[in-house]
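Since the structure of chain A is provided, determine the placement of chain B on it from the hints.
Protein chains: 2
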Amino acid sequence: MSIEDNIRKVVPYVPGEQPQKKVIKLNTNECPYPPSPKVIKALEEADWGRLRLYPDPKSEALNEAIAWHYGVESSQVFTGVGSDDVLSMLFLTFFAGDKPILFPDITYSFYDVWAEVYRIPYQTRALKEDFATDPADYYGENGGVVIANPNAPTGIYEGLSFITDILDHNKDSVVIVDEAYIDFGGETALPLIKQYDNLIVVRTTSKSRALAGMRIGYCFGNERLIKYLNDVKYSINSYTMNYPAIIAGKASMEDTEYFLETVNRVKQTRSETGEKLRELGFTFPDSQTNFIFAKPPEPFEAKDVFERLKEAGIYVRHFNKPRIKDYLRISIGTDDEMMMLINTLKGLLKRK
Amino acid sequence: MSIEDNIRKVVPYVPGEQPQKKVIKLNTNECPYPPSPKVIKALEEADWGRLRLYPDPKSEALNEAIAWHYGVESSQVFTGVGSDDVLSMLFLTFFAGDKPILFPDITYSFYDVWAEVYRIPYQTRALKEDFATDPADYYGENGGVVIANPNAPTGIYEGLSFITDILDHNKDSVVIVDEAYIDFGGETALPLIKQYDNLIVVRTTSKSRALAGMRIGYCFGNERLIKYLNDVKYSINSYTMNYPAIIAGKASMEDTEYFLETVNRVKQTRSETGEKLRELGFTFPDSQTNFIFAKPPEPFEAKDVFERLKEAGIYVRHFNKPRIKDYLRISIGTDDEMMMLINTLKGLLKRK
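If you read the sequences in order, they're chains A and B. Quick note: the working numbering has the first sequence finishing at residue 352, numbered continuously throughout. Quick note: the working numbering has the second sequence finishing at residue 704, numbered continuously throughout.
Next up, chain A with everything else stripped away, as it sits in the complex (with noise of 0.2 Å):
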C-alpha cells in the first residue's frame, strides 16, 4: 500500500486562458462593460474592519436581494462561490443514486469533470447534426438530467416546451437547467419552479453582472431541494459568501437599470458582429448568448485562425474536441474590441 492507493486521480477542467499582457479577451465570456456603479460604491463604502468576522453563513442579504429582484422566496434561493461552486454542489448532492445523469455530447465541458470527481455515473447524448437537442434523448429512467440553455459553446436556446418536455418525463430525478446565459437571450425557465418540484435553474453575475472577478453564483428550486443543498453546503464549508461577495451582489441586484443596459449593448454587438462574420463567410448558429460560436470559410481552419488571432493579441476559445474543432467561440466584447476583431480576421483570411 502507498499514499497513492487513497488518491483520488482526475483529469481536470481547464479554464480559458487569464493571459497577464495587454490583449483583446474574447476567450472566457466575461462582460465587457464594468459592474454596476452602485455595486463600486457598495465595495467603496464598505466596512473593511468588518472583516474580522465571519460573514453571515446564510448570506441572507445577498439572498434576499436576489429573492426581490426575481419574486421568488428567499428559501427557493441558494448561493455559491460562482455558478461552478453550485453547480457542482447540485451534482453532489442530487446525483448519488446508482443510475446515469444524462447531458449533451456538446454542452459546458465541466458536468462531465464534476461526474468524473464525484464518481457519478453519466451518459452522454448526441446534439442533432445543427447542434439542436432533441427532448426525446432525455426521456426514459435515469439519475439525473443536465441541460444549459442556452447551451454552451453552441449558443442555441431551445424553447421552454422543450424544458417542460424534458421535465414531463422525468418526475423521478432533478433536472437541472442551468441558464448561465439566459440574460442574453431566451425566455427563463425560473417561474416553472413553481409547477415542478424537480427543476432547478442555475444563474451567475459572471457574464450579464460583470462580477466574474467576485465569484458569485445562484440558483432557484423548490424550498424542499434547497433545504437539501443547503445540508451538503453546510456539511462542506460553513461560509462560502465571503463578505465583499455578499455587498456586492446585493447591490448588484438592486441595480436592474444598469444591468439591462449592458446586457442590451452587448446584444447589439452580437448582432453587428454577426453580420460582420456572415459577411466574411463564417457560418454559425443564431447566439441567444453573450458569445457567437462561429465556424471559418474554408480552407481555413478554426485551430489556425485562433492561433493566428493569438498571435495578433485577441483572444478567442478553440475547443479541440470532435464535432466542435471545426468552431471558434467568441465572445462579445465592446464595439472597439470587435472591430479589431473583425479587421484582423479580414487580414488573416486575405492572406492564403
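It is possible that some hints are incorrect.
[Said to hold, decoys possible] Chain B side only, calculated, beta carbon under 10 Å to chain A, not exhaustive: (1) 436; (2) 592; (3) 595.
Source of the hints: derived by calculation from the structure; they are not laboratory data. Fair warning: this is a prediction, and the values are worked out from it, not measured in the lab. Every residue gets a Cβ at the ideal spot worked out from N, C-alpha and C, and that includes glycine.
Positioned in the frame of chain A, the structure of chain B alone reads:
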C-alpha cells in the same frame, strides 16, 4: 424510484451563531482587532472595474505572498475559501481509499462531517482523560490521519516530536496537521514538509489575521501532493479565490509586524483572562490558541452558564456532546470584552 433515492442526505456541521444584534461575541474564535491597515489600504485602492474579469484561477499573487512569508515555494502552497474549503478538498483528494481515516474523538467537529458527506470510512481515537493525544493511537494501517494541533476545542498543543512520531508511523498515509491556531502558541510542523512527503499543514487567515470575513485558508505540502490537490480543485471550481480575497490575503502576508503585534495582544489578554477565570474557580488545560476551554466551578453547569451569559449578551460556545458538555469554549476578545465577561461571570456564580 423517486428523487429522494438520488439525494445525498447528511447531517451538516453547525457553525457558531452569527448574531445580528450587538453582543459580545466570544463564540467563533474571531480576532478582536481589525485586519492590518495594509489590507484595508489594498481594498480601498482596489480597481473594482476589474471585477468584470475572472480572477486568476491560480491566485498566484496570493500564493506567492504566502510562499514568501513562510519561506517555501509557491508550488508547495494551496489556497481555498477558508481552511474549511482547504480541508474539504484534502479529504476528497487524499482519503479516496477503503481504509478508515483516523482522528481524535474530541477535535474540530467538521472532520466527521466531511467524512460522512464524501463517504470516507473513519474511526475516532479517544483522547486521554486530560484531553492529551496519544500518538500510539495512530499507528497501524489506516487511510489517513487528521490531527488539529493545537487541538480544538481543547486548546492543547502537542510538541513536534508528537507530530514526527505520527508521521514516522504513517509513511503510507497522508497526515493532515490542522494548524488553524498555531500562531497563538506552539511550534509549527511546516518545516517538516521537506522531510515528510506525506505531510500537509493547514492554516487560516480567519483567526490570527482577522480575515474571517474574507474566507482565505491555505495549506502546505510537497509539490506532488499539492499537484494532486490542484487537480481535484480544478475539477470542482476553477476560480475559488475572488479578486478581493487575493489582494487582501496578499497584503496581510506582507504585514508581519501588525500580525505579530495583534497575536501578542491576544496572548497577553489570554494570560490575564486565564488568571481571572482560575480565581473564579474555573479549570482548564493550558491554551495555545485564541480561546480557553474552561469548566465552571461546582455546582455550576456549563450549559447553564452558557445560557445565562447569552441572556446577558455575551456569546460563548457550548458543545452538547459527551466528554465536553461540562466545558465552555471562550474566545479571547479585547481586554474590555474580557472584563465584561469576568464581571458577568462573577455575578452569575454568586447567585446560586
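Quick rundown of the hints versus the structure:
1. Evaluation of the residue 436 of chain B hint against chain A yields a held restraint, the C-beta minimum of about 5 Å falling below 10 Å.
2. Satisfaction of the interface hint for residue 592 of chain B is found here, the shortest Cβ-Cβ separation to chain A being roughly 6 Å, below the 10 Å cut-off.
3. The beta carbon of residue 595 of chain B is positioned within 10 Å of a beta carbon in chain A (closest approach about 4 Å), and the interface hint is therefore held.
Of the numbered hints stated above, none is contradicted by the structure.
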